[in-house]
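Line by line, the protein sequences give chains A, B and C. For what it's worth, the numbering used here labels the leading residue of the first sequence as 1, then goes sequentially. For what it's worth, the numbering used here labels the leading residue of the second sequence as 1, then goes sequentially. For what it's worth, the numbering used here labels the leading residue of the third sequence as 1, then goes sequentially.
These aren't lab readings, by the way, just hints derived from the structure by calculation. Be a bit skeptical, because a hint or two may be false.
Selected chain A positions facing chain B (in silico; Cβ < 10 Å) [claimed, not checked]:
no.: 1; residue: THR77
no.: 2; residue: TRP83
no.: 3; residue: MET228
no.: 4; residue: LEU236
no.: 5; residue: ARG237
no.: 6; residue: ILE243
no.: 7; residue: LEU244
no.: 8; residue: ALA251
no.: 9; residue: ALA253
no.: 10; residue: ALA254
no.: 11; residue: PHE256
no.: 12; residue: TRP258
no.: 13; residue: GLU259
no.: 14; residue: LEU260
no.: 15; residue: GLU262
We put the beta carbon where it would ideally sit given N, CA and C, even for glycine.
Next come the chains, spelled out residue by residue.
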Amino acid sequence: MRIEALRLWLDERLGFAALGELARKKEVPVHRHTVWYYFGGMTLFLFVVQVATGILLLLYYRPSAETAFESVQFIITEVQFGWLVRSVHSWSANLLIATLFIHMFSVYFMKAYRSPREITWVTGALLLFIFLGFGFSGYLLPWNKLAFFATKVGTDIAGVVPGVGHFLLRFLRGGDDVTGATLTRFYGFHVAVLPAITTAVLGLHALLVQKHGMSVPPGVDPATVKRMKFVPNFLLRDLIGWILAIGILAALAAIFPWELGEKADPFAPAPAGIRPEWYFLFMFQTLKLIPAKVLGMDGEVIAILAFGLGGLAWVVVPFLDRAPGDRRRSRVLTIAGVIVVIYVVAMTVYGYLA
Amino acid sequence: MKDSSKDRIREVSNTTKGGGKPRQVSVGRGDCWLHRRSGGARLALSVGLVLLIAVAALAQKKDSCVDCHSQMEGPLAEPVGLMSGDIHKSRGLSCADCHGGDASQDDPMGAMDPRKGFIGKLKPKDIPGFCGKCHSNADFIKKFNPALRVDQEREYATSVHGKLLQGGDGNVATCASCHGAHGVRAVNDPLSRVYALNVAETCAQCHAKGDYMKSYKIAFDQYDKYKLSVHSKALYERQDLSAPTCNDCHGNHGAAPPGVASVANVCGQCHIRQSSLFSASAHKPVFDAMQVGECIQCHRNHDIFAPSDEMIGVDEASVCTTCHNEGDSGHAAAAAMRARLDELGASIQNALDILNRAERAGMEVSRPKFELTEARDGLTHARVLIHSASLDEIDKVIAPAMAVAGKSHDAGRAALSELSFRRKGLSVSLFFILFLAAVIYLKIRQIERRASQA
Amino acid sequence: MEQEVGSKQTSGRRKFLDYLLGTSIGATLVAIFYPVIKFMTPPEVIESAQNSVVAGKVKELAANSGIIFKFGNKPGILIRTPSGELKAFTAVCTHLDCIVQYRPDMKQIWCACHNGQYNLSGQNVGGPPPRPLEEYVVNTRGDDIVVSKG
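One chain only, chain A, in its complex shape:
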């Protein structure tokens, strides 16, 4: 009874009873492809894990070229459970991007971007770029050899963009070369700039998802489809997934701890076999394979422009495939999506084998 009184008291001031009503009303369609609905929430959960472990790490991390590596070394050797927090953070980053890709492609193939969910898709595409930014900026922070050279190569590529390339390179690096200035800048991006942007974009994304509810894929009739209650049925299932994710992260941290490597030395030559993290590998491999000259223009520039155009097309997909009636257009886009997936997977695998 005391709890009930407390709840009433809080509701009078905060007004969450209305929210509770919405939650109770929320339903999730049940059909062959329902499993893909879990991936959005999983991505969100892993993001929460990242925020939590990230906040813990920044209690000890020091973002300067002289101290960064040593501070990470300190965390994993001296701080209690430091090894766990750090490895979870690194592994969860990779799992997060993996689930993000799955979520994104499942939404694409289920055509959930169709009206009225166009803006939801756009915010989602923006989140893709934001999280790739999180990955790229966070990777440099331990200031080890691999990260240093991966950042060098990655920002070099940014410099190839025609027109704004040089400005972009200097903006990212905090100068002409990758130095301690780059590290501090990336740290700022990673813990302040990107989280702030994420709060806004992710907030909008989640809000819109609540507003429009879950879509049904083509081939399923929204009028007759079975639905389950979000609370507690879907949520409890979500919870199982999240708890298993915790278990997987713990296992990965304990059995495959994330390596620290050697401290970065700007004057040493690049070690052989430098490559970026797996989620950038397909782009990296494409750039490696592109011939020096394509149609008379610099091959690298062509490739980067192509990726840029591809990214732009990806953002505006809902506007390319509006009418549920235009089946041919819809078919073309599905096939295009399949090709993209195959390309990305193939290039990633190739990048690893090469």
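Go by the hints and put chains B and C onto chain A.
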């Protein structure tokens, strides 16, 4: 002649002495001695001057030695070609400056006239004096290179080569044998036959020939042995010019094998620590008394290999047993020293092994690995201290090194036990997590069964 | 009647399940928050790897003398030049890693292993060493001489 104009000039030069800025003073033509001569005298002087210059110019250009000998064939023409890289030639000297004679004369009798000081092909006995004519003359040499030594001839006289030459042996090395006669290059010129990288080959020209050395009853395998040594590898492979070649130990001009009691001093030019440890050790007086060649007794002289722990101890491969026999204190000390080195080496290896294992399993052990280098330094230090022949000295270094190796080993073990603790912790947590997942699943089932029943 | 019994059974089972759910959620939360709290508790050693170290005392280092000190895991050499200036370098010789020393008679840093010589700026000026000694930054804090990496 008290000339007023001369006084003027002196005055002017006096005022500019002491480093001041030279003052502009107008000195008129009337002050110049030439212009005060009569016209006829001036003409005569001018013509004479021109003729003098012409003659001098012609005289300089004329080198009949080169003119004739370059036209000849075989050994008579060789010197001309060789001289193109010669350091003497680059300093403006030519054939006649050494061989005497008159290079202005085309006629051979006039050019190679002994009365004009001509010396043709030299007898070996005369070569040191011949070169020494200039090279032992400090006043002369300093005109060309103020830093060049001028005692080579005297040093040579003290050498084995020099003494044999004085005794009438014309087969030994003289200046020309190593430096060449024509085509002599500076010592720091990489093309010189006495450049650091070429010295051994130059000495080997005689010292590696069996039939040549036979009459002197000297071995002729030194060059082959040297090429196997650490010093040779440092010099030829690593291009480390501080590594010794023949002349660094035997001397250049005063070449002689070091006396038995001075070997440690020679090696000690670079190997200071080892040499001073040895000289202070119990071995030195004994070695000297026994006429045993100090360092080279254990390390050999030409085929010096990188030393290894096998050299210490009392087994087959050791050098200690050459003198020490079972039962004497040296034998026991040698055995003990070897045991210490082996123990420390094994301790370091153990620590390294366990740290590598921990690292492969994903643990961060860079710090203990780094600290292990201190132990390795201790081992190097102990190996150097062998030369003191004192077990106590070695123990002073071995003990802390063992402590460090032990600490690193403990760190490795701690890492491995931490690893197993983590894995145990993981299994426990996983148990709870899976349990919770199962319970939630049952809860879902329960809720949905109730919902369908309702 | 049966239904009542049945519902009592399911009610009992439900309570049990809820109990299990509650305790396992609790246990998992503990398993998560225990490491978090431990993590946030400062460890014994509070600073990461030494980048600066107190190498000696100002008053104890006379002019034209030097001492060896421990810098991280490597030896360093701290010298006071004849003119009174404090300088510090790595004490690891660049030839074959022996530990160098200060020679007040030579007014130079010297390596006993092969007679390597370094001048008071750390440059290799004699013998086999191929490279200069890395120099460290020296500051004084009160009576302490603090050496740190540049």
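Cross-check of the supplied hints:
no.	hint	in the structure
1	THR77	holds, 5 Å
2	TRP83	holds, 7 Å
3	MET228	holds, 8 Å
4	LEU236	holds, 5 Å
5	ARG237	holds, 6 Å
6	ILE243	holds, 5 Å
7	LEU244	holds, 6 Å
8	ALA251	holds, 6 Å
9	ALA253	holds, 8 Å
10	ALA254	holds, 4 Å
11	PHE256	holds, 7 Å
12	TRP258	holds, 8 Å
13	GLU259	holds, 7 Å
14	LEU260	holds, 6 Å
15	GLU262	holds, 8 Å
Consistency with the previously given hints is maintained throughout, with no hint failing.
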